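**Q** If you want the building blocks of each chain, they are given just below.
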Amino acid sequence: MNSDLGSLRTAGASQRRGPPAADSEAVITLRNLTKRYSKDVLAVDGLSLEVKQGMIFGLLGPNGAGKTTVLRMILGLVHPTAGEVLLFGERMRPGSPLLGRVGALVDNPLFVPHLSGMDNLKQFWLAGGQPLEQAHFDKALEIADLGSAVNRKVRTYSHGMLQRLALAQVLLNRPDLLLLDEPTSGLDPQEMREIREMVRRLAQQGATIFLSSHILAEVEQVCTHAAVMNRGRLVAIGSVGELVGAANNVYLEVDDVTLAMRVLTGIAGIRYATPEAPGISVQLNGLERKKLVAALVNAGVGVETVASRHRLEDVFIGMLQEDDG
Amino acid sequence: MIRVDLKKQAYRLRTYIALGLMVAVPVIITLAFKLGGGPRDHGQNDFFTVATHSGLNMPLAALSAMSSFLLVVVVALFAGGAVAEESSWGSLRYLLVRPVSRSRLLTAKVLVAALLAFIATALISLSGLVAGTIAFGWHPIATPSLAAMSQGEALSRLALSTVYVAWSMSAVVAFAFMLSTMTDAALGAVAAGVGLGIISQILDAIPALGSVRNWLPTHDWHAWEGLFAHPATTSDMVNGVFLQIPYLAVFLLLAWWWFHRRDILS
Numbered sequence: 004m005n006s007d008l009g010s011l012r013t014a015g016a017s018q019r020r021g022p023p024a025a026d027s028e029a030v031i032t033l034r035n036l037t038k039r040y041s042k043d044v045l046a047v048d049g050l051s052l053e054v055k056q057g058m059i060f061g062l063l064g065p066n067g068a069g070k071t072t073v074l075r076m077i078l079g080l081v082h083p084t085a086g087e088v089l090l091f092g093e094r095m096r097p098g099s100p101l102l103g104r105v106g107a108l109v110d111n112p113l114f115v116p117h118l119s120g121m122d123n124l125k126q127f128w129l130a131g132g133q134p135l136e137q138a139h140f141d142k143a144l145e146i147a148d149l150g151s152a153v154n155r156k157v158r159t160y161s162h163g164m165l166q167r168l169a170l171a172q173v174l175l176n177r178p179d180l181l182l183l184d185e186p187t188s189g190l191d192p193q194e195m196r197e198i199r200e201m202v203r204r205l206a207q208q209g210a211t212i213f214l215s216s217h218i219l220a221e222v223e224q225v226c227t228h229a230a231v232m233n234r235g236r237l238v239a240i241g242s243v244g245e246l247v248g249a250a251n252n253v254y255l256e257v258d259d260v261t262l263a264m265r266v267l268t269g270i271a272g273i274r275y276a277t278p279e280a281p282g283i284s285v286q287l288n289g290l291e292r293k294k295l296v297a298a299l300v301n302a303g304v305g306v307e308t309v310a311s312r313h314r315l316e317d318v319f320i321g322m323l324q325e326d327d328g
Numbered sequence: 008m009i010r011v012d013l014k015k016q017a018y019r020l021r022t023y024i025a026l027g028l029m030v031a032v033p034v035i036i037t038l039a040f041k042l043g044g045g046p047r048d049h050g051q052n053d054f055f056t057v058a059t060h061s062g063l064n065m066p067l068a069a070l071s072a073m074s075s076f077l078l079v080v081v082v083a084l085f086a087g088g089a090v091a092e093e094s095s096w097g098s099l100r101y102l103l104v105r106p107v108s109r110s111r112l113l114t115a116k117v118l119v120a121a122l123l124a125f126i127a128t129a130l131i132s133l134s135g136l137v138a139g140t141i142a143f144g145w146h147p148i149a150t151p152s153l154a155a156m157s158q159g160e161a162l163s164r165l166a167l168s169t170v171y172v173a174w175s176m177s178a179v180v181a182f183a184f185m186l187s188t189m190t191d192a193a194l195g196a197v198a199a200g201v202g203l204g205i206i207s208q209i210l211d212a213i214p215a216l217g218s219v220r221n222w223l224p225t226h227d228w229h230a231w232e233g234l235f236a237h238p239a240t241t242s243d244m245v246n247g248v249f250l251q252i253p254y255l256a257v258f259l260l261l262a263w264w265w266f267h268r269r270d271i272l273s
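Chains A and B are the protein sequences, given in the same order. For the first sequence, our numbering gives the first residue as 4, with consecutive numbering after it. For the second sequence, our numbering gives the first residue as 8, with consecutive numbering after it.
Think of the hints as simulated: they come from the structure by calculation, not from any bench. A few of these clues could be false.
Claimed, not checked - Every beta carbon over 12 Å from chain B, so not counted as near; a handful from chain A, in silico:
id	residue
1	56
2	57
3	77
4	99
5	123
6	148
7	161
8	177
9	199
10	217
11	242
12	268
13	288
14	292
15	305
What the hints assert, rightly or not - Short, incomplete list of chain B residues facing chain A, as computed with Cβ under 8 Å:
id	residue
16	106
17	240
18	242
19	266
20	268
21	271
Note that the structure is predicted; figures quoted are calculated from it, not measured. For glycine and all other residues, C-beta sits at the position ideal for the given N, C-alpha and C.
This is chain A alone, in the form it adopts within the complex (with noise of 0.2 Å):
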């Protein structure tokens, strides 16, 4: 494991020490976790993991890695050849009354293409067994922002408004648990941008979400925690900050990028500094970024942006660099 990664718990640390026990405030537990869809296709291999509440959880991987099949075995659309998913503590099974206090988005959003948004809604909510009155459809229509649309056949909708109409109906009960597979998936940066602010709001109102992406910066901004996968398996577990190794790397935009290479290989408490277009890359080792922004400016370089930029993607690639061995 890359000796960066400090105090980031990886899969063998986890396995060592058997997987998390389930406590009150454990939302999703998992234990040891597999799926095999045939002698060939080993989906997911021993997975095990805890999600506390109000945690944003990201899981990370490339495409194929098994994040969806977790995502669906916690949702019981996807039965576990062996292991187990606790949902608030309680195991969870097929259609279980815990759903209730779950809201899902799982893989492309698709709905009854002949009916409109509205009715979507209202057909998925009634699918569960309850009145309408119990749905909160003005804060999920506020949210998935569609005006009059609303009313108009899905099957007229853009991906970005179906992505839309997807969250509004995952809301539709004020979940305690968000699960949310690939959420910014097809979307455009504005949006991108909306979707992940919707997030950080819900979890500020003390929902508990799990998100599976691929898109490293997303995790990066959006996520407390994260855990990486590779092949089915756990390659790392830990809060952002320890996978990113935020204190540690920063990315400069400089208005010379040649004097300040010249003034970051004299400071002491940096490990290298590299040139990355349009700035520098710079490895800290001790030093505190108030005082490297200082020694530059003092030296006389112009400093645009100070960012931890990239970090996620070099560790994510490294630990899958290390994993495919």
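On the provided structure of chain A, position chain B as indicated by the hints.
**A** Quick look at chain B alone, frame taken from chain A:
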């Protein structure tokens, strides 16, 4: 849940086309008889020979003509699409992430398919009755054996025949529904349901198969015509009612078993 599913069907153009066909065909048959100058003698007595005798004869002719194929297609359409269409739309996974058991979902789906199958059958009789009465009046009917039967008697037997024909579709409905739980391709499940009806009727027409034919799900499909024989016979109808039960039980049990162990990947 049943209400939800019924509403889904009620909003579909396909539902109206399928049910509209059940209304239109008896009307077309009636018009053909009216404009064509009545039935021609083709050497045998059946419901078509006496179709113009009374308005009450027309639904019997329509039921006899349509229950072997057109009705089969329509009931297979409702049953075969019940689960597979949700699967192909991708909405099945959203139904199953609600706190609703798979059994409850299947129960609602199969009951709606059965209800639509019954409505389709009833529409044949109703449409034939209305069109026939307008065209040929409200008289005592003539049975194929040329016996007369009062309107009240004929109407009650028509109602019983309609229920029987609808029940006779049970095996087709259950088979198409079972396949609907196993595939995302609704058309495949529909075609297989129609195929079961056709193959069973072909096999039933092969005398060499002997008593095996008695066990074919379509063997007693036309047993209701015995109600209009002279004297009326009901023993084949009773056989026909019981014959559907094992098919219904086996196909539905398989549907339940399969759907409960199925991984929802679509």
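**Q** Confirm or reject each hint.
**A** Hint check:
| no. | hint | verdict |
| --- | --- | --- |
| 1 | 56 | holds, 20 Å |
| 2 | 57 | holds, 22 Å |
| 3 | 77 | violated, 10 Å |
| 4 | 99 | violated, 7 Å |
| 5 | 123 | violated, 8 Å |
| 6 | 148 | holds, 20 Å |
| 7 | 161 | holds, 16 Å |
| 8 | 177 | holds, 14 Å |
| 9 | 199 | holds, 22 Å |
| 10 | 217 | holds, 19 Å |
| 11 | 242 | holds, 28 Å |
| 12 | 268 | holds, 54 Å |
| 13 | 288 | holds, 47 Å |
| 14 | 292 | holds, 43 Å |
| 15 | 305 | holds, 52 Å |
| 16 | 106 | holds, 4 Å |
| 17 | 240 | violated, 46 Å |
| 18 | 242 | violated, 44 Å |
| 19 | 266 | violated, 10 Å |
| 20 | 268 | holds, 7 Å |
| 21 | 271 | holds, 4 Å |
Hints 3, 4, 5, 17, 18, 19 from the earlier list are contradicted by this structure; the remaining hints agree with it.
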